[in-house]
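Taking the hints into account, I'd like the entire structure generated from these sequences.
Numbering-wise, the sequence shown is residues 1 to 218 according to the UniProt record's numbering.
Some hints could be false.
Each pair of labels, with its calculated beta carbon distance range [said to hold, decoys possible]:
1. H188 / D166: 23 to 29 Å
2. S33 / G183: 38 to 44 Å
3. R104 / G201: 24 to 30 Å
4. D14 / D111: 20 to 26 Å
5. R75 / R98: 16 to 22 Å
6. T173 / A21: 38 to 44 Å
7. V169 / P204: 21 to 27 Å
No wet-lab data here; the hints were simulated from the structure.
Built from N, CA and C at the ideal position, the CB exists for glycine as well.
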Amino acid sequence: MELVVCDAQRAYGDALASVLAARGHHVITVPDSGLTQAIDTYSPRVCVLELGAAVRARGLAARHPEVSVFALTGRGDARVVRDLVAAGAVGASSTMRRLDAVVRAIEEVGDGGTRYDPILLRAAMRPDQEMDAASARRLATYLTPREFEVLERIVHGEDTRAMATDMGVSITTVRSHVQNVLGKLNVHSRLAAIAFSLWHGLVPARLPEQAEVLTAAV
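Below is the structure:
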């Protein structure tokens, strides 16, 4: 897979690029100033960059919808989630993670999935901790069976195209279901919906990383 890695912490970016290359991926490392040219020249499947750079380049996802944005961050505050959404990132990892875990997450995003680090999901959950489980379940009862299925697929990391194919509906229909889910749960992004669902037990964890979120919530 073709990747562009752009990281202000050059040592971390170089180490990550080395591990990715060892797994057979074609990796181009660039400074912030070379990001746009690298995307235009190489058309990578995934662009890995520091969250601050991702926010500054927030138009990247809109200009290059074929490129998946994966963000790296050392932050763990609640605003980090809003920044991820603003950057159009479909995956993110804390730089506190082992490189092999970060690489697996990047590869999953490259395969069309989404993957957010549990550390960041915990940050996303903080504003919703005051809502009790019964209230959260009450909100979930407003979802139609089809909308709840979409919620499950969001939590399990499926992208819009994969949902449309598996469910036998159009991409437009899936997007409509997603917006209904977000509105009924009173959240503003897929990432927040994942965090809300895992925290309140609306959808069972299927991935080890999601189980880690639930363990932290106890």
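Evaluation of the provided hints:
no. : hint                    : result
1   : H188 / D166: 23 to 29 Å : holds, 25 Å
2   : S33 / G183: 38 to 44 Å  : holds, 40 Å
3   : R104 / G201: 24 to 30 Å : holds, 25 Å
4   : D14 / D111: 20 to 26 Å  : holds, 24 Å
5   : R75 / R98: 16 to 22 Å   : holds, 18 Å
6   : T173 / A21: 38 to 44 Å  : holds, 40 Å
7   : V169 / P204: 21 to 27 Å : holds, 24 Å
Consistency with the previously given hints is maintained throughout, with no hint failing.
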